[in-house]
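Chain order of the listed sequences is X and D. Mind the numbering: the first sequence is residues 0 to 200 in numbering that gives the first Met the number 0, read in order. Mind the numbering: the second sequence is residues 0 to 191 in numbering that gives the first Met the number 0, read in order.
Treat the hints as calculated values from the structure; they're not laboratory data. No false leads were slipped in.
Far from chain D by the CB rule (all over 10 Å, computed), these chain X residues: (1) PHE94; (2) GLU106; (3) HIS143.
Using 30 Å as the maximum straight-line C-alpha spacing, the simulated DSS-like pairs for lysine-lysine come out as follows: (4) D:LYS118 x X:LYS167; (5) D:LYS88 x X:LYS188; (6) D:LYS183 x D:LYS74; (7) X:LYS33 x D:LYS51; (8) D:LYS21 x X:LYS8; (9) D:LYS88 x D:LYS77; (10) D:LYS59 x D:LYS128; (11) X:LYS185 x D:LYS74; (12) X:LYS185 x D:LYS51; (13) X:LYS33 x X:LYS99; (14) D:LYS59 x X:LYS185; (15) D:LYS51 x X:LYS188; (16) X:LYS121 x X:LYS81; (17) D:LYS165 x D:LYS74; (18) D:LYS165 x X:LYS188; (19) D:LYS165 x D:LYS51; (20) X:LYS188 x D:LYS118.
With beta-carbon atoms standing in for the labels, derived distance ranges: (21) D:ASN58 x X:THR168: 17 to 27 Å; (22) X:ILE53 x D:ALA61: 21 to 31 Å; (23) X:ALA89 x D:TRP131: 50 to 60 Å; (24) D:GLY132 x X:ARG103: 52 to 62 Å.
Glycine included, C-beta positions come from ideal geometry on N, C-alpha and C.
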Amino acid sequence: MPKVKIPRKSTAIDMTAMCDVAFLLLTFFILTTKFRPQEAVQIDIPASTAQIPIPDRDIMMFQIAPDGRLFFNLDDQPTRLKLLERLSTAYSMPFTAEQKDAFRTLENWGMDIRSLPDFLSKDPVTRATIQQPGLTIDTTGGQHQVEDLILFSRQENNNLRIAIKGDKTTEYRYFDRLIQALQNRKVNKFNLITSARAAKE
Amino acid sequence: MAEMNASGGGGHKKGPKKVRGKKMSTRVDLTAMVDLGFLLITFFMLATTFNKPKTMEVNKPAKEKDDKEKEPPIKMSKTASLMLGARDKLYAYVSPDEIDATTELTIDSIDYSPNGLRKFIQRRQREVKQQWGDQDLLFVMIKPLPGSNVKNIVDVLDEMTINDVKRYAILEANDPIDSLIALKTGQKRKID
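Using the sequences and the hints, build the whole thing.
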């Protein structure tokens, strides 16, 4: 019986095409990725059928934690710096160059404005571990820190849209305090951030 | 796998003067590169936030100045009131145009499900259409009590969009009827 000889084939495969695909996909993902900013607090947003996507730029965001703590985020860095300068004069607090730089990259924060310099001089790792007390909001009297933030930010960037990101379980009274502050600054239009959901029939 | 074929070159020796460049295969092993590529892809895929959050626009009525002449109030028979209470409670009622001693007021305790809130809104839309000829005339007053949460508000606003309610507003619960309901149901009315 003659043996059928199976020709020995090389196990090497041409990887060029695969490599091309891999890098094509890689490029796509690199370009589309927007990293999740570091959150000062975990917020579980409610779902709605709203279809308007959140704009990419010019957003001033307030986050309300379930316990009512309020956090502030301004998306673009030049405006952040201008805001800090305004705060610096309004609250007569000088900031060093390092503190300004730290503020420029600070995504979410929520504390009394007067304790900002102290917070900014800490190194980033310590900053991440600190439990922030939330912005000082006072609508009955005293210094309107939140209103100042709204006013200064809007003066520095006129196109700002105001977004409110509230946790599902945040009680309305905390929400209302913020809205009162906004309305005192003549902001009657704002956006609530929700996740997408299909309408149930 | 690695195929850096370094053969060739040997074989013919035709004199020492011509040093030929070694003929190398142009094939490079791409396995490692592909590995790296896919590793990075995996990383970026996991790091990407695909689901961009959506937003819901809210317009609050501007704060009124007391000295200004107000617009005539809306007929109560065109309205529907929703009171959002603590523990996911929702109270719906329709105020009569004029309150007198014989007025009867029914307050429904409904929920946020399609069977509760949506049915109520749709029923009200039909009634307004019967009475006034156009269901868009319905004005929904949303009155959150301090104990309600953001999810409740989003749910109600969502229901407005789903049912195509043209006119609605988030208002303070400061009606006498609201106080009564709050009292009866054990809800806090004032924000402390």
